[in-house]
Amino acid sequence: MTLQRTRIAAARASSGAAAISLRGVVKRFGDFTAVDGLDLEVPTGVCLGLLGPNGAGKSTTMKMLTAQAIADEGEIEVLGFRVPRESKRARAAMGVVPQQDNLDEELTARENLEVFAHLYRVPRGARRQAVDDALEIAHLTGRQLTKVDDLSGGMRRRLLIARGLVHRPALVLLDEPTVGLDPQVRAELWGLIDGLRARGTTVLMSTHYIEEAERLADECALMSHGRVIARGSPADLVAEYAGDRVVEHYGPPDRLTEVERLARASGLPTRRTGPSVSVLKAETIPPSLEDELGPDGVRRAANLEDVFVVLTGERVE
Amino acid sequence: MTAQTERAPRLRRFEMAPVRGIWRHELALYKRYWKSQSFASMVEPTFFLLAFGYGFGSMVAVIGNYRYLDFVATGVVGTAALFTSVFPGMFNGYIRRVFQHTYDGMLAAPVDVHELVTGEALWIAAKSAVYSCTPIVVGMFFGLDPAPGMLLVPFVTFFTALGFGLFGMWTSSVVPSINSFDYVITGVVTPLFLIAGTFFPIDSLPDWAQKVSYLNPLYHCVELVRDAVFGLDPLADLGHLAGLIAFAALMWVIAVRGMRRRLIA
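Sequence order for the protein chains is C and Y. Everything in the first sequence is counted per my numbering, starting at 8 for the first residue and increasing by one. Everything in the second sequence is counted per my numbering, starting at 256 for the first residue and increasing by one.
What the hints contain is simulated information worked out from the structure, not anything from laboratory work. The model shown is predicted, which means the values in this text are computed figures rather than measured ones. Every residue, glycine too, gets a C-beta built ideally from N, C-alpha and C. Certain hints may be false.
Stated by the list, open to error - Cβ-Cβ distance ranges computed for the label pairs, FRET-style:
| # | chain 1 | residue 1 | chain 2 | residue 2 | range |
| --- | --- | --- | --- | --- | --- |
| 1 | Y | 432 | C | 258 | 34 to 44 Å |
| 2 | C | 38 | Y | 443 | 33 to 43 Å |
| 3 | Y | 385 | C | 31 | 35 to 45 Å |
| 4 | Y | 519 | C | 131 | 48 to 58 Å |
| 5 | C | 62 | Y | 466 | 47 to 57 Å |
| 6 | C | 274 | Y | 268 | 50 to 60 Å |
| 7 | C | 186 | Y | 295 | 46 to 56 Å |
| 8 | C | 36 | Y | 350 | 16 to 26 Å |
Given these sequences and hints, build the entire structure.
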């Protein structure tokens, strides 16, 4: 039944409908507006990275897609189902990997998956195979009888991802999938997520790790103050907002302020990069300005982090 | 693909699949904890029974038409039903929601809050219904006469535990911190347990306290258990049963509402 539903969802989606669509969505918590007129479409089969600083509204958006938060305004559709009205059907066809580890520590890896195979309505006859497959995807076949409490941090996160895949969903929501993990473990999880994308699963992944988005996402949506402020492939975003190259100037605070003033006077974006100031779109620096800035600049390629900081501001509240 | 299969089967408003999933979770946990749970759930009422039965029983041989030990053996069934339902409802409800985020995980799957609450409460009630029969069994070793009506006792304790389990879940959605359960335990659970006609008949209480006990679901549980064991009084017993069911229904409504308020932003 679940497989059938997944196929139906996939078929519907491939007929042109977006896997996820949010229109004019607003979510307030008291006086605070967490999501403020959000418009977002996630085409089927795409891995979309939802980028933004803490408090931009990424997690709230994720919660609204599963109807664990109810929007105050706007329309949400997930796999063709209206949310929250038909959210149960949407939830049956998608998998969710939460930011916060909510595995049952007292149960084994296998038992955790079995519970969710039930909750996701995997038919009785297919349940054992579904759990075996999920264990294999997460490379945990050999640890299936280990209590979650005794698994390493990386294994736990793999299990958490596998739990959201046990019913082979057409769409997976990943909320900060690698937050707080070692670089080795993150790289390993990226392999796992890339495998999903290769299978044609639609992925919506929120992250504030730029590298993660650059490596995995076909497209990025940059969120700030509850709405999308830029959208495109990582390369396009970099080209549009940070250009090709960046020059970093080091020096005492007065010198940094001076560099900023000069660059901005010529209409070039800058950002603070710790002890230096980065002048973006360096390939467009006119020779006159280049003289004024001096020869001490260090050149590097522009990246998504430059875009992130330029668009979401130097300071994060 | 035909037009008919185009639309996925509608998921009903209330389904058994999530309830079975929740039971699968409980069963996996129970496999780990059945020994300690069974010890606590069966030995505690036995202590009450023996301490009061023998302690008081040496001074009060008979209450009404009952031997004191028989009176207590049937009464403590209610105590067992209360303790083995209200505490899991309170503590599991709170710990799984706030500390373990188990409920958040389940609600991201096709499980709605009312199904979650129902699944948890049914499990608590089923377990409690069985454990609460311990005092009757122990009582029989101390001279309580077996009666066919005893087979009704698990049904009585099921509805009682359903109500109190849901009451516990509701309080878990109301308290600001796990420490606030002290107020619930001392302020609500203890009085309920004392004025239910468990250890002494309520007609020995002042008039106002008697009236209060009529509102105590545990009193109706104890009365039903005694009648099941010593002889039914159909009209009164239907009244007691209706009271227990009404209590459970009311607790379901407020537990679902309370949990929804806490789990859905």
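Hint-by-hint comparison with the structure:
1. At roughly 52 Å, the beta-carbon separation of residue 432(Y) and residue 258(C) lies outside the given 34 to 44 Å, and the hint is violated.
2. Between residue 38(C) and residue 443(Y) the CB atoms are about 35 Å apart, so this pair conforms to the stated range of 33 to 43 Å.
3. At roughly 53 Å, the beta carbons of residue 385(Y) and residue 31(C) sit outside the given window of 35 to 45 Å.
4. Restraint check, residue 519(Y) to residue 131(C): a C-beta distance of roughly 30 Å breaks the suggested window 48 to 58 Å.
5. Between residue 62(C) and residue 466(Y) the CB atoms are about 54 Å apart, so this pair conforms to the stated range of 47 to 57 Å.
6. Taking the beta carbon of each, residue 274(C) and residue 268(Y) are about 59 Å apart, inside 50 to 60 Å as hinted.
7. Between residue 186(C) and residue 295(Y) the beta carbons are some 39 Å apart, a value that contradicts the proposed interval 46 to 56 Å.
8. Range check, residue 36(C) to residue 350(Y): about 25 Å between beta-carbon atoms, so the 16 to 26 Å window is met.
The structure shown violates the earlier hints numbered 1, 3, 4 and 7.
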